[in-house]
Every structure is written in structure tokens, then in C-alpha cells.
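**Q** Construct the entire structure; sequences and hints are all you get.
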Amino acid sequence: MRPFGLLRIERDPEQSWARTIFVSVLAITAAFLVAGVIFWGYGVSPLRAYRVIIQDTLGDPRAVPEILLPAMPLLLAGVGLVLAFRAQFYNIGAEGQLLAGTVAATWVALFTPTPGPLMLPVMFLTGFFAGALWGLLPSLLKLRLNVNEVITTLMMNYIALSLVSWLVTGPWKGPSVRGFAYTDTFPDPAWLPALAGTRVHWPTLLLGIVLAALAAFLLNRTRLGFEIRVQGQNPDAARYAGVNPLRTTLLVMLLSGGLAGLAGVGEVAGIHHKLLDPNQVSLGYGYVAIIVAWLARGNPLAVIVTATFFGLIYSSGDVMQVSLQMPFRVTDVFNGLILFFLIGSERLLQYRVRWVPWKS
Amino acid sequence: MEILTWILGTLVRGLAFGTPLLWGSLGEIYAERAGVVNLGVEGMMILGAFSGFAVAQVTGNPVIGLLAAAVVGALAALLHALVSVTLRANQYVSGLALSMFGLGLSGLLGRRWEGIPLDHPLPEVTVLAPLGISLAVALWIVLYHTRWGIVLRTTGESPAAADAMGINVTLVRYLAVVFGGLLAGIAGGFLSVAYRPSWTEGMTAGIGWIVVALAIFAGWDPLKAIWTSLLFGVLFHLSFRLQTWIPPEPLQIMPFAFTIVVLTVGARRGGRVRQAAPEALGLPYVRGER
Amino acid sequence: MRWIKLFVIVTAMLLVATTGWAQQSKLKIGFIYVGPIGDFGWTNAHDVGRKQLEKAFPGQLETFYVESVPEGNVEPFIDKMVRGGAKVVFTTSFGFMDGTIAAAKRYPDVIFAHASGFKRASNSATYMADFYQIYYLNGLMAGALSKTNRIAYVGAFPIPEVKRHLDAFALGARAVNPKLTIHVRWLFSWFDPAKAKEATEALLAEGADTYAFTEDSPTVIQVAAKKNRLSFSHYSPMQRFAPKHVISGQLVHWERIYIDFVGKVLKGTYTTQNLQNVDYWWLLAEKAVELGGQPGQAINPLFTGRLKAAKVKTSEFGTISVYDLVNRRLAQMSKNPVAFDPFTGPIRDRKGVLRVPAGKTMTVQELTTMEWAAPGIVGQWPGEPK
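Chains as they are written, first to last, in this note's numbering: chain A, 22 to 381; chain B, 1013 to 1302; chain C, 18 to 403.
It is worth saying that the hints were derived from the structure and are not from the lab. Keep in mind that a hint or two might mislead.
[Claimed, not checked] Quick list of the computed label-pair ranges, beta carbon to beta carbon:
| # | chain 1 | residue 1 | chain 2 | residue 2 | range |
| --- | --- | --- | --- | --- | --- |
| 1 | A | Leu370 | B | Arg1159 | 33 to 41 Å |
| 2 | A | Val58 | B | Tyr1156 | 44 to 52 Å |
| 3 | A | Trp61 | C | Leu319 | 41 to 49 Å |
| 4 | A | Arg368 | B | Trp1160 | 24 to 32 Å |
| 5 | A | Gly137 | C | Glu333 | 57 to 65 Å |
| 6 | A | Leu47 | C | Gly102 | 30 to 38 Å |
| 7 | B | Ile1128 | C | Leu371 | 47 to 55 Å |
| 8 | A | Val58 | C | Ser42 | 28 to 36 Å |
[Claimed, not checked] Partial chain B-side listing against chain A, Cβ under 10 Å, derived:
| # | residue |
| --- | --- |
| 9 | Thr1098 |
| 10 | Val1105 |
| 11 | Ala1109 |
| 12 | Leu1120 |
| 13 | Gly1218 |
| 14 | Ile1222 |
| 15 | Phe1229 |
| 16 | Pro1259 |
| 17 | Leu1275 |
| 18 | Gly1278 |
Heads up, the beta-carbon is just placed ideally off N, CA and C, and yes, glycines get one too.
**A** Structure representation (C-alpha cells):
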């Protein structure tokens, strides 16, 4: 007789990637099931809804590039946030840093005599510095005066929002837009090239992947990466190990802000080709990037996966609106549910299910 | 004389817009005092706004509407408590999820209630404003001069110590978060039952985020929340009152710039603000760790 | 060989199937909205138009929509709609202009129409229903009913469209009462009830007693009514929010344009080749807009008496009551071509610069780009020409 098995749940301090993925998939499935109730309440058969969503996002090759559009800014900002979170710096200000990047890029594109071939590199460079600069004040306040960074970075978001709004309704309002609140369209050299037939501005995508790899290298293979990790895990031990918390945190914060700034450059140079109302520039990418970074669990390369996943969520939301004619708020319900299940399942990660042979 | 009416009028407006800020931030202060950040205020408020309006319209009684808003806000907060206290998930992410979920759900459910004026609204400044101020005083007394206050503060400062003292950390955190949601729900209900009074999806328009800032701006002190809410209310009103002479953007960023400045100045002056922050804010408590 | 045979059979079946469907299928029309359809303004009005359009051509067409589309996202949504079979797509916000033109290039066999913009293509038209005449009529009434000689306007954004309406409102009011001042506040938002409320409170504190506005909620009306102040409904029928305080207002009938346009598409008058110069600029004469706070009622009867009692001297009609003046002007502007236009010179702006010379009327191009402020307007005016 073959031995029977029993399931036993036990605590396991080691977290494996396989289990993380397994539990995450389980959580997302559960969220979909609960969302089914909402579809049903709206008079849409849940099965049909799932089918349509899969068909019109992953099932249609023409729709796949649309997953990448939101994924690009999420990737860039998300990689930066992973670095900050690893050093225990809670940067909630990616949205503002992203907007700072759009302002810098717009300034270069419209108001400087930068020669054509240099235009895009200069835009990305100034965008990086603008984003870093926007994150500088909160990090200095944190380091010098121990002011809570969650709140200062959040406040800086609103200030950036007002700044962009003031620029597009005031000094930067374009003469060619008939008084509407936009800047003029960027000159051609400031447009990022797109993959043929899509709006995927591939240089941003490439930049994101390269920077994710670089960040992983920095974190795992360099002295600075070691310092970041030690400081994040145990600040006291870091001090004994001779880590200069000022230098590490500042550097991490500058990188984090700078990467969000790059995401902003990608949005204006690749999608909008002008500066416009701040709520239209970024669709909350700076905030969603927090979730993207958190889901990547401190691994910059994993951000590629989580950012794409959220690209898929954005895209599914669009499908639900067009193909199922549901109100746009359905996307928020959906996102909220998936998030709750994902973070709720977090604790399951600490346990493993063991097949225990049954001895008689 | 004219200046006096001008100042008085501005203060009344500040009080009106400050009321939802006060109620919301009092709730957030209590939740954070217990060590739980709740970034879901926007979601709890909008759910409160919707249910408050719907119930007030059906029953014809705005007070019952407010009670419903409070219950719904508390239920929403319960979700946050479940995820962040029991399941010990990241509080920031859970709060963001709650904000999204609340905005979405109220938008879906509220469809057929849009576009209806409320038949029996609540007066704007005469009910919830004085009630809120009294509540702030009461909450301050509880926080600093009662045993409950000690329990709450200890839970937020050092859950391990609280645990050693025989305090049920989980229970205290649940109660504080749910109480916070209750007040956020009332704050939302105020918007749809007294301030507006009607329902439109997304009508909180970011007030919930200002509340989160206010809790910190007030240094987690219920008494200070009174004047900080009033200040934010006055600044918001002034950005329109003074628009003829001053462009609106500088006035609009003032609350946010102010918060940064106050935190900075507070930190310079012997770190009072820093000390006020609950030590274990944002950290889940696991017995045996730390 | 077998594979090839199979391939041919399947392809043939598919062809038959698709053409068979195409013959049966109705004309599919997509609408892309900038706001939620539950608002009280712009998007809601377009959605009402969409439903009326469906009713006007029963069985011949099918419509679908997306709401709250971000400006940078209009192209993916157009892609999805075209993939879903849309043959006509209406994009209903200025910010969708460049995306619509780009999509028109990408889908040469789909017809596009863009509201409020100025760029067209052979398969992309533009359309707009404008209120400036109605704001002028509202202004006439405000001029007669204001007791404090201060009236107010809460504006969304300082853009030509809103400035044009504000100027028309001011010109109307000052035609009745030259001592009036028009006090302005900007929200920098199309929809924000809290801002609308505080802006109204600020204007109440300044003593303004009659309110017009551009914001997608009835907040201004509600706040003004609570202090017993009068107002004009905006965009959708808002009189029910304050039946005793709303004098009149502006109503839109986008369905007039949609029914006309789609009718011509069905008849084959409009094709993907001939829309380069199709631009609807529809006003009172085309019945695309209507005077009133609720359909079918130009002036709230509660105010008829006071408007009849107020007399005004005009060069054209002699001394008549404001009530009669409103009706005469309404009749003049409802003719095609119009017998009266509010922006007929000589008009100077508030700085004294001559903007419309005597005997001239502003062209559509001038109207859609105007930036100046009419005399009597008090308040910040971003982008005011020197």
C-alpha cells in the first residue's frame, strides 16, 4: 500500500521566488473571482468578462503594445523606488519627481537652442537632474533634521502639480493652441521614435530595462549596494560597518528622484509631445510605481515583471470600458481588489505547505 | 468695521471647509497614535459621502445619513485593519488600495444617485464645526490625561512594551483604525449632506490626502488639529478671495509648503515634531520581533 | 497539399462569414468622452446627444462610448473602438485634437469628428455648439435683476471659450445697466465642487448678487440660492436645484449636430474623402443651443414680472422692457442668417483698446481665439492682451 500523505502547513523563514510567484498568482485569481461578483452585479456574465479581457489584451497582438505604454513610466519610477525602499527611505514623491522631469524636458525642447541630434539626450539628462533635485529637499530634511520623508515627499507632489498647472496656464502657454492650457508642440527632434505602427517609444523602454539591470548590479555587486542593503536592514550595524548614512541615503534618493524624472521625460517626449494639465500628463504613475516597487520586493529586475503586470491591469481596465461598456471607475475597484489580495497574501509567503508521509 | 466683517467672513469660510479636515484628521491622528498609517482616508471619505447622501435622501434625515456615513467609514477602515494589522501587510500599500477601492466602489454604486439635490441638508457651520472642536478637546483629554490615552500611545510608541504591560496590541490598533474610519466617514458625509449638499462621484477631490498631511502637520495632537484645519480652510478660501490681487497658485501650494516649513522649524527647535511621531508608526507588530 | 486546401477553405469561410455579417451589421458609432457621464455638464450633454441619436435612427446604428479618457490616451481608445467595428468616431474634447488627427491618418476608412478643435482632415470633421449668444441674453436679464450692481462669473479655465462667454455676459449686462461690474473667479478645473463653492463664497462676500458660471456641477447655483442670490443654469437643466433662484440658463442639444452628421453619413453625403472643410459651428439658429434653465422654458416665470417692469432704452427698439428686449434679441439670433450679433462693433476692451471696429462683426476664427476682457469685468485675466 502506498503511504498516504497529509498536508501540513509550517512556518518557513526562507522565502523562495517560486513560492512568491505561486502565491501571487493565487491572490490575483482570487481577486478576479471576487471581481466576478461586481461584473455579475452589473449584468455582465463574469465568464464572458474574463474571456473578453484576456482576448482583448493578451489575445490580440495589436493590443499588446498598449500594455507597454503605462509599463514604461512605471518601470523607470519603480526601479528608483526599489532603491529608495531598500535604504528604508519611503519616497512617496515619485509623482512630483516625474512632473519635475516633464518640466525640465519641456524647457529644453521649447526654450533652449539645443541642436537637433543632442536634443533627446539633453532632455533626458536635465529630466534626470530635475527629478533628483525635486527629491533633494526632502532627503536633506530627513538627513539633517530627521523630518518624516513620507509627508515631505507627498507635499512636494502637490507643489509640482501646482507648478506645472501654473506653467501651462501662464508663462508657457503656447501661442499656437488658441488660448487653451497647453504649451506648443515640441519640435521634431524632441519626439522619441516609436516602434512601427505603435506608440511605444522604445528608447524609454530600453533605458528602463538597462537601468533595471544596472540597479540590480549596483545593489548586488558593488560596495555602495552593500551599504544600501546594510543600512536598510540595520542602520546600527551599518554605522559600525563604517557606512556613511548621509552619503548612501542622499545618493539613493537622488537616483530615485532622477529615475522618476526620466519617466516624466519619456511621457512628454514619447506620448504628449507638449506639456499639459498635470493630471493629464501622468495617470497617477508616480503612485502606482510605489505599488510596483513594493511588489518587486526589493529586486530591481523584478520591477520589469511587476511594471508589465500593472501595464496589463491598466490595459484590462480600458478593455472593460470599451468592450464591456462599464463605467471607468470599475478600474479602481479592480485595482483595489487585486492589491488587497496581493498584500493580504503576503503573510502566506512565510509558510509552506508540506506533504507529510503518513506513517502508520 | 469693514475689516472686521472681512476677517470674520473669512474665518467662517475657513471653519466650513476646515470641518471635514478636522474630523478626518482627528481620526487619522488616533489611528497613527496606535502606530497604523492609513492612506485610505480618501477612500473612506468618499464611501462616507456616498452612503451619507443616499441614506439621508431615503430617510429624509441628514443625521441618520451621517450615522450611516460613520458606519460605512468604519467598515472600510476595518478592511485596512484586517490587512495591515492581522495580515501585517505594508500599511502604505494597503491604504493606497483602500483609496482606489473606495473611489471605485462609490463611483459604481453612486451612478443613479447623481444629479439629485438633497431635500433636507444639514446646516453647514452650526452643527459639525462646534461638535468637531469639542470632540478634538475631548480626544486631547483622553489622549494625555486618561489610562486609555496611555494605552493608545504606548501601542504606537512601543508595541512590545505595550504587549509586556498586558495590552492587547491587536485590539487597540483595530479600535483606533476603525475609530479613524468612523470619523473619516463623517467627514465625507459632511461634504455630501452639509457642504454641497448632493452627490457626485469623485467629489472628495483630494481632501483625503490633505487630511493625511494635516495629521502630521498637527504633530499628532488633537488640540493642534483644530487650528491647523482652520488654517488650511482659511488658505483654501483665500486662494479664491484674493484671486483678483494674487494669482491662485502660490496660495494653493501654501498649505503644502507650510507643512514642510512647520515640520522643518519644529525639527530645528529641539525636535518636538520628531518626538511627537509615534515611534512604531507604520510598522506591523509581531510578538517576539523587536 | 492538404494544408493548403484547408487554408483556402478556412479563408473562404471566413470571408463569407465576415461579408455576411457586414451586410447585416448596423453602422457602429463610438463616442470618446473626457469626463464621467454622470457629471452635470459637457460629457453628460454629449451622452444625452448620443442616446437621442440612437433613437433618431432606430435599427440603423449602434453606439458605444468610453468615459473619462485621459488626453494622452485617446489613440489607444480609438484603436480599440475601430477594432470593435466603429465606422464613425466622435471625440469630444479639445485635448483629443492631435490624437484624433493622427488616428484619422491611420484609419483612412473611418470617419472622425472632433468637438471644439480646429484641425481637420479628409476623413475628420470638426463641430461645436456655442453659447455666446445665450450668455448675452443671460447678461441682459442679470443687468435688469441685479440690485447691488455687482454680478459674478465663476469660470473654469481662462481659455478663449470661457472668455468669450464671459465677455458676452458682460456686454449683455452692461447694455441694460452700464454701472454694473462683473466679478470673476477662476477655478483652473472643469469639475471641482469644493473650489466652485469657495469661489462663490468669495464672490458673495464681495457683494455680487447674480451668478453665471462654467463648471460641471450645480454648486454655484446651490451656494448662491442658500444666500438668496440669483443664478443662471449651465449646460444641463439645473433649474430644479434652485427653482426659485434660477432665472434662466444655457442648454445644449448636441443631438442636433449628431443627427445631422450621422444622417449625412448614412445617406452617403459625408464620406471619408470630403470632410476637409466640414466644420459645424452651430448656434441658436440651428437650435443646437437653447435659452433656459430647463427645456422648453426660456425664462423662469417667477421673474417675468420683474423683467417686464425693468425698462431699457435701445437705439433699435426705443424704450422697451428687458423682457421684450430678451425676446426680440432671441428672435433676431434664431434667424438664419442672424439679424443681431453680440460682438458687433464698436467694442472696446476694459483697457480701452478698440477690439471690434464699428460696423464689423467678429468672425468665427476671431471668436475662437479671443483673449480680451470686456469693460466692467473685475478680476484676474490670465493671458490678457496688452
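**Q** Does each hint fit the structure? Answer for all of them.
**A** Checked hints:
1. Hint check: leucine 370 (chain A) to arginine 1159 (chain B), Cβ distance near 38 Å, so the stated range 33 to 41 Å holds.
2. Separation of valine 58 (chain A) from tyrosine 1156 (chain B) is about 45 Å and conforms to the stated range, judged on CB atoms against 44 to 52 Å.
3. Look at tryptophan 61 (chain A) against leucine 319 (chain C): about 48 Å separates their beta carbons, and that is inside 41 to 49 Å.
4. At roughly 29 Å, the beta-carbon separation of arginine 368 (chain A) and tryptophan 1160 (chain B) lies within the given 24 to 32 Å, and the hint holds.
5. Remark: the range hint 57 to 65 Å for glycine 137 (chain A) to glutamate 333 (chain C) is upheld by a beta-carbon distance near 59 Å.
6. Taking the beta carbon of each, leucine 47 (chain A) and glycine 102 (chain C) are about 37 Å apart, inside 30 to 38 Å as hinted.
7. Evaluation of the 47 to 55 Å hint for isoleucine 1128 (chain B) and leucine 371 (chain C) yields a pass: the beta carbon distance comes to about 48 Å.
8. Remark: the range hint 28 to 36 Å for valine 58 (chain A) to serine 42 (chain C) is upheld by a beta-carbon distance near 33 Å.
9. Because the closest C-beta pair between threonine 1098 (chain B) and chain A is about 9 Å apart, less than 10 Å, the hint holds.
10. Proximity of valine 1105 (chain B) to chain A holds as hinted, the smallest CB-CB distance being about 5 Å (cut-off 10 Å).
11. Among the interface hints, the one on alanine 1109 (chain B) holds; its C-beta lies about 4 Å from the nearest C-beta in chain A, closer than the 10 Å criterion.
12. Residue-level restraint check for leucine 1120 (chain B) holds (minimum Cβ-Cβ distance to chain A is 5 Å; threshold 10 Å).
13. For the restraint placing glycine 1218 (chain B) at the interface with chain A, the shortest Cβ-Cβ distance is roughly 8 Å, inside the 10 Å limit, so the hint holds.
14. At its closest, the beta carbon of isoleucine 1222 (chain B) sits 9 Å from a beta carbon of chain A; the interface hint therefore holds under the 10 Å criterion.
15. Checking phenylalanine 1229 (chain B) against chain A by beta carbon gives a least distance of about 8 Å; that is within 10 Å, so the hint holds.
16. Among the interface hints, the one on proline 1259 (chain B) holds; its C-beta lies about 7 Å from the nearest C-beta in chain A, closer than the 10 Å criterion.
17. Here the hint on leucine 1275 (chain B) is kept, as its CB sits about 5 Å from the closest CB of chain A, short of 10 Å.
18. Checking glycine 1278 (chain B) against chain A: minimum C-beta separation of about 8 Å stays under 10 Å; hint holds.
When each numbered hint is compared with the structure, no violation occurs for any of them.
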